[in-house]
Amino acid sequence: MIGLGEIPVKQDTSIVESRNKIRLLAEDLNFDSISSTRLATITSELIRKMIKTGYYSTINVELGLKNNVFGLFLRFTSKQISSAVSIKTLESIFDSVKTSQTEQGLECVEAFKSLPDPNFELTQGFVTEGREIIGRLTRDELHQNVTKRAKELNCLNEALILMAEVDPSLEEVFLRVVNLIPPGWQYPDIACARIIYDGGRFETDNFTETAWKQSADIITAGEKVGSVEVYYLEEKPQDYEGPFLKEERDLIDALAREMGKFVERKQAEDLLRESQEKMRSIFQTVPDIILNLDCESIITFINRAVPGSTVEEVIGTSIYNHIPPEYHQVYRNTLEEVMAKGEITELETSITPAGSDVTMWNLNRIGPVTKDGQIIGVTIASTDITERKRLEEELKSDTEMKSKFTSMVSHELRSPLGVIKEGINIVLEGLAGDINNEQKDLLDTAKRNTDRLGRLINNVLDFQKMESGKMGFDILENDINEVVLEVNKAMSLSAKEKGLDLAVDVDNSIPKIGLDRDKIIQVLTNLVSNAIKYTEKGNITISMKQEDNTVHVIVRDTGTGIKAEDMQKLFQAFERLDSGIGRKKGGTGLGLAISKEIILAHKGKIWAESEAGKGSSFHFILPIKERRSA
Amino acid sequence: MTKTILIIDDDEDWVQMLSMRLQHEGYQVEVAFDAINAVSQTIKLKPDLVLLDIRMPSGDGIGVLDNLRRNVDTFNIPVIALTALSDKQTVEAMVELGVSEYFVKPADRSKLLEKIEEVLIKK
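Chains as they are written, first to last, in our numbering: chain W, 48 to 677; chain D, 522 to 644.
Keep in mind the hints are simulated off the structure, nothing from the lab.
There's no promise every hint is true.
[To be verified] Derived lysine-lysine pairs resembling BS3-like cross-links, with alpha carbons at most 25 Å apart: (1) D/Lys-643 - W/Lys-451; (2) W/Lys-512 - D/Lys-524; (3) W/Lys-283 - W/Lys-260.
[What the hints assert, rightly or not] Derived DEER-like restraints, expressed as beta-carbon distance ranges: (4) W/Glu-594 - D/Glu-533: 54 to 60 Å; (5) W/Asn-483 - D/Glu-546: 38 to 44 Å; (6) W/Asp-498 - D/Arg-591: 39 to 45 Å; (7) D/Asn-558 - W/Lys-443: 53 to 59 Å; (8) W/Ala-659 - D/Glu-533: 50 to 56 Å; (9) D/Glu-617 - W/Asp-481: 42 to 48 Å; (10) D/Ser-621 - W/Asp-498: 53 to 59 Å; (11) W/Pro-670 - D/Glu-546: 47 to 53 Å.
In this text, a Cβ means the ideal position worked out from N, Cα and C, and glycines have one as well.
Could you build all of it, start to finish, from the sequences and the hints given here?
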């Protein structure tokens, strides 16, 4: 009998391995009655069926002769099983195995040889034996055949078992395998062997190169990576390949082929280990807690221990044991959604641990884990965002504070300013008695500055409203031409006073667009008054045109222009170009910033073009609302 | 006949300026400096027009307006409101209580005078 080894019932790879072994042996034995491929398929099918019952932990396979029958003898050993399994259930399982074997032309004997005693104390487990008839050869024929091949089979078999081991390194395995080779040859006493792989040489103790050599290449992925060599230390007469037998050629080829597969597997394992190491390093380095859950919300992986529990304590428990009850429902919904849609979702949680007054904020990104296109669970990456939340809160209260302060100051400034303004006006108008020219001049200056202060306060209030998002917009369908003409009317006097020509280029083909009339007037007034301020001679034109789905408005002047380096500061709050002039001109540094906010609120764009010394043009575009065709 | 305007406002400086302006326009000006006396003053003086400051520390201008509207002697006296507040709630309350007009402080002088004249002519 030739033991083919114990196959641990783990996964399908053990079936594949056993199939390979059986196929090789069958090939070697040259059975005529049953094709080796079919044999392997049927046998592994049988093993699969038995494994599927879920009762077996190991399968022992032997090839050999028993009761005049040559075949594979299979022994399935069960795990310990509970008494919940009734004898009837077991019997029906065996029956079904038997039936399917019979259907496949196989024979199963003593199916429940060691079925436990009738009292059914099934704590010991049980053994099932079956056999598979490979060929019905006569005893003599068989015996001869088997004896002749036994050595070779043994050699191959033992090499295969060694190479199936997971733990030893490739080098260790080759060093042991090489010593198994000489006994497989016809004259073991004068045989030596060597495996060459990746620059390494693994030799038997008596290794000597001689003229009587047999070798085979180890091939992986179509390339030669090494070789197996057998030498006879002295010549032996043979008629095939020097001193060697034809069967020995087959054996060395089989060995080399299996070594190739072994190398491939080891390489794959190395690759896997390397990527596992990488993953481990990543998981340990990221500040996040990363979890895997199966579809029952049981934790199957966690990248590190969490406060109060080790990794081992957490694995296998439900996620719901680790989150406060108030989050159970939202978590359940989110997990269901991720499992159903297969999309990454974010969930923010805040947890205040018992006895602590610090709330911990976490941002959990939850994504699906798939296998063969099926969602089999989720990954949760949980980031601690407590600090970020704290800063956000701080910022929010700072902004609110600033906003309140600005609003309060501005309102409080308005009242006394109103009094000052009115006082100046009354004196200036002579209501409080006649004034001379010098007094009038001084009061004019005072008046101009109170007006400026008033504008500044209004702008600060506007800007603050805009910044805190409290500025309301009243968007209605308007004719942009009308709006521009109104601004033109209001501003023409101040243009005229400075000797400038203010012109409007009306385009009546432009459709009505949705805009807040007062706010757009504010923008245009600001642009035109800037143009007047910074233009000493020449003209200012306001023009409009339709461009695709937008209306493009341009305010062009022939003034001092804007330096290139100043262009980007233009629309920033409290930035005034060339502050000397600006101050003299009475600007507030907020007009363009407010204009920008207004245009942005209309989903438009505002920008400036200029060449210093050659005038500037300010542009804004407003979208035309798409009309549904009737 | 000279029209009487009652200013209800606690900002004495502002009241000084406004009175001077209105007197110059030929109106008789009376003043109530706090909300508490405002209603009784109005009943007593029966002015042709009230200029009411909505945000006085001594009391809520809206409350004064409400009282004026409830009193049989004052309910039809026109009121122009002056306010530092232009929030929706305040504006709605003022409109509901039938102010002739409201101005956000500091009011444009000429517009305020125009409105006063208009209201008094209507009356």
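Each hint, compared with the structure:
1. A hinted pair counts as satisfied when its Cα atoms are at most 25 Å apart, and D/Lys-643 with W/Lys-451 does not qualify at roughly 41 Å.
2. Taking the CA atoms of W/Lys-512 and D/Lys-524, the gap is about 40 Å. The hint is violated against a cut of 25 Å.
3. The hinted pair formed by W/Lys-283 and W/Lys-260 meets the criterion: a straight-line CA distance of about 12 Å does not exceed 25 Å.
4. Restraint check, W/Glu-594 to D/Glu-533: a C-beta distance of roughly 57 Å satisfies the suggested window 54 to 60 Å.
5. The given range of 38 to 44 Å is broken by W/Asn-483 and D/Glu-546, whose C-beta atoms sit roughly 25 Å from each other.
6. Distance hint check: the CB atoms of W/Asp-498 and D/Arg-591 are about 41 Å apart, consistent with the given range 39 to 45 Å.
7. The supplied range of 53 to 59 Å is broken by D/Asn-558 and W/Lys-443, whose beta-carbon atoms lie about 43 Å from each other.
8. At roughly 52 Å, the beta carbons of W/Ala-659 and D/Glu-533 sit within the given window of 50 to 56 Å.
9. Between D/Glu-617 and W/Asp-481 the beta carbon distance is about 47 Å. The supplied range of 42 to 48 Å therefore holds.
10. A C-beta distance of roughly 27 Å is found between D/Ser-621 and W/Asp-498, which places it outside the suggested range of 53 to 59 Å.
11. Between W/Pro-670 and D/Glu-546 the CB atoms are about 48 Å apart, so this pair conforms to the stated range of 47 to 53 Å.
Checked against the numbered hints given earlier, this structure breaks hints 1, 2, 5, 7 and 10; the rest are met.
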